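*Asks:* For reference, the chains in residue letters:
There are 2 protein chains.
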Amino acid sequence: MTKRNILAELDPFFHPRSLALIGASSREGKVGRRFMDAFLEAGFQKLYPVNLRESEILGVKAYPTVTDIPDHVDLVLILTPPAAVMGTIKECVAKGVKGIVINTAGFGEGGEEGKELEREMARIAREGGARIVGPNCIGIYCPSSGLPFLWSQGMESGSVGVVSQSGSLADHLTLIATRSGVKFSKAISSGNECDLTAVDFLEYLGEDPDTEIIVSYLEGIKDGGRFNQLAREISKKKPIIAWKCGASEAGARAAASHTGALAGAVPIWDGVLRGAGIISVKSLEEILDCLYAFYFQPLPAGRRVAIITGPGGPAVGTTDACLELGLEVPRLSEDTKEMLRKAMPPAGTSAENPIDLSLATVVAPDIYGEVIRILGREGNIDMLLVIGSGGEQFQSVIKEAARDIRKPLATAVIMYLESFIQDYTSLMESGIPIYPDPVRAARALAKLADYAEFRRRS
Amino acid sequence: MTKRNILAELDPFFHPRSLALIGASSREGKVGRRFMDAFLEAGFQKLYPVNLRESEILGVKAYPTVTDIPDHVDLVLILTPPAAVMGTIKECVAKGVKGIVINTAGFGEGGEEGKELEREMARIAREGGARIVGPNCIGIYCPSSGLPFLWSQGMESGSVGVVSQSGSLADHLTLIATRSGVKFSKAISSGNECDLTAVDFLEYLGEDPDTEIIVSYLEGIKDGGRFNQLAREISKKKPIIAWKCGASEAGARAAASHTGALAGAVPIWDGVLRGAGIISVKSLEEILDCLYAFYFQPLPAGRRVAIITGPGGPAVGTTDACLELGLEVPRLSEDTKEMLRKAMPPAGTSAENPIDLSLATVVAPDIYGEVIRILGREGNIDMLLVIGSGGEQFQSVIKEAARDIRKPLATAVIMYLESFIQDYTSLMESGIPIYPDPVRAARALAKLADYAEFRRRS
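Those protein sequence lines, which keep their order, are chains A and B. Just remember that my numbering sits 33 ahead of the position in the first sequence, which is counted from 1. Just remember that my numbering sits 33 ahead of the position in the second sequence, which is counted from 1.
Since the hints were made in silico from the structure, they are not lab data. Because the structure is a prediction, the values reported are computed rather than measured. One should not assume that every hint holds.
Note: identical chains are not told apart, hence a pair may lie in one copy or across any two.
What the hints assert, rightly or not - Think about it this way: if two alpha-carbon atoms lie no more than 27 Å apart in a straight line, the pair counts; the simulated DSS-like pairs of lysine-lysine are:
id	residue 1	residue 2
1	LYS94	LYS271
2	LYS270	LYS63
3	LYS216	LYS79
4	LYS269	LYS370
5	LYS148	LYS370
Isolated chain A (complex conformation) (with noise of 0.2 Å):
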């Protein structure tokens, strides 16, 4: 099998030198103007708004079509109403671009007939030598490019690589990572995948050098068998974070409709994802969550964790959450707990594991420090879940020691939720996750030593 070289295939739709915007505007509420203010924000350099009655639209010359355009278009971005789609995608060929993004809905998704246009356009396309993602997406977010989603992302690049059939879902995803520090590499939404799945935008992203770790949203993948296989060598060397979804009965019929997807059945999928190392998760805010212990910490050398933890009652149910995710709360060894002994306060604290600082560290935080060093050293432990009440003293001290340590460390403060925004914020920030509730962060770290295991096995 010859090798396709899918980094040059796609290259058009992540490094255009110029892009065309084909119902592009310049009326507020219009999604052309939400997206010519995405661009000129973006600072996007050879931008063309296509509009027929508009010659100029905030500032930028307009044309009333792309082949009036006086320059080679790599890109197309198309958001006219679905009757005008196919004539563009037309007048775009005969310009010679290589890529179009169809954003325009009410295709597949709408049943047969629609599908039927669908094969048509992406037939015209490749004819004419074009590619083709959507219809019925938001695009393609690439800061390094320029290349922006609908909002504020930001064009900072990072490692993380996404691809979406939902676009809602794209757009969320990158606008709350962004929020805690994460940054993106790449991001797709595949939409109705008329031409170019999911599966394809995978196999970029795994060859892709930019992309360390990969997030994927799902509804029904076309070539299953491809995927499995993909998924199961870009695993060998980077994560995949999936939520596969529409795989009841219910859920295949509302991705029918939201983006005419096949689903498939579910304990089928759970196999699949398994075997392919996927790291498999069942809500946006799971993905978040596994996500900033993926971006942010390394891969554990093994399943044992310690729950080191100042307010006492949370240490119980995150110990019994660990095990019942596969992970291990094992004891520690007489040095590490003669070691604690010492920096703890003598009443009220548990040396064992899990390690109760007790309330004496609402007053001296510090202890945190020293424990957390006591235990990055315990040969016993691969890994550390810290639960605190907050508070800045808390997060700098945490921050101080997390530096000292090799192994992967997530927090858990259990306090008010307005002022836990804050301290999500600094602490991200600094590349520690924290998490609102101390049976997330078990969940997350689950994940990676499940994912670190699939990755000594392979």
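On the provided structure of chain A, position chain B as indicated by the hints.
*Replies:* Below, chain B without anything else, positioned relative to chain A:
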């Protein structure tokens, strides 16, 4: 069996006419100061600080010992060091105190010696006609009597009763829920339970006419048979949301060092909880998620959910989640679909369940209102799960429409974390539970449906 009059028996703990704070202090950073501040802020009337060295604390006359107080004392809260506790109990008994709350830690959770001391404390109290809560607890929160916990829970009375073996959990739970508009009848931190146990307080809350919903955090239960029987009876009239921890070997180790409790095996407990109709949860976050649904919404007539969404992606995964949780996402009647089609724009929407209102809702959130009212009348639907992108208009539309229906409704908002908090407060205050992820909303609705089914069967 003579029926125990639990309300009268425990009355001194909830409606004391006078209270002595033994170990009160004016020194900042001392727990005795924190409690003084809390009682003064709560406006508790007959408060007697006890301190050997201070004759006045924050403007309130203090006494060297409880026996020096020239008034009858109903309830005492002991904050003294462990070594002074036994003597203080004897003085309380001599004074004719009926209720003793021991905040001091360092007894049964430390080992056998502490457990022996606890048995002695309980014996002395009971022979003297008093009962003990604790040691190692934060006491009792009863807003109608002016009894505060440690922080700013607020002193407005409501219908939720809490019994928790963890003080920090009781404190955090009541604090966070208060911020979301939930109000409490009583909350008890039962600690090491040398005398009165969580089961006693469960019985109390079951009989208490002010309590309509019970929330419980449990590590170990001393009398499993009585717990089981009581829970079964209470669940027939009031929901019990319970987090039972410490069921794993390491969890039991944590529980032993935390409150000295004996836990028990996981599968046994799972069966007990289910059989007793208890709403079993596995984290503080899940307690809160459930509480909001039970507090703000009625019980559903069945398990059939309508999912109504603006952003398309989340509906598919939410549908999967509902089905995995044993809910149904049924097809709608032709009449309802016809009405829905009239209420929605034609392109990009779906009148099938899950109902996709499309991104049109971003500019025209009114669509949500009409669709909610239509599904409020659909005979095939018992509950509504509404997913949106937030915003003020979205909120007011939901609030208004929710008034017109008689079915449980939960909302989930997919948006920036920062802006979530505000939406959260505003909708919650109007009695509409809102979740940051639709899968969490689905879980809460599933618990409502499970409990409603238990009530129909029993």
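*Asks:* Between copies, within a copy, both or neither: which fits LYS269 and LYS370 at Cα up to 27 Å?
*Replies:* neither (37 Å within a copy, 48 Å between copies)
*Asks:* For LYS216 and LYS79, with the copy left unspecified, which applies at a CA distance of at most 27 Å: within, between, both, or neither?
*Replies:* within (24 Å within a copy, 58 Å between copies)
*Asks:* For the identical chains here, do LYS270 and LYS63 meet the 27 Å Cα criterion within one copy, between copies, both, or neither?
*Replies:* neither (42 Å within a copy, 53 Å between copies)
*Asks:* How would you classify LYS148 and LYS370 at a CA-CA limit of 27 Å: within, between, both, or neither?
*Replies:* between (65 Å within a copy, 23 Å between copies)
*Asks:* Using 27 Å as the alpha-carbon threshold, which applies to LYS94 and LYS271: within, between, both, or neither?
*Replies:* neither (43 Å within a copy, 68 Å between copies)
Checked against the numbered hints above, the structure breaks hints 1, 2, 4 and satisfies the rest.
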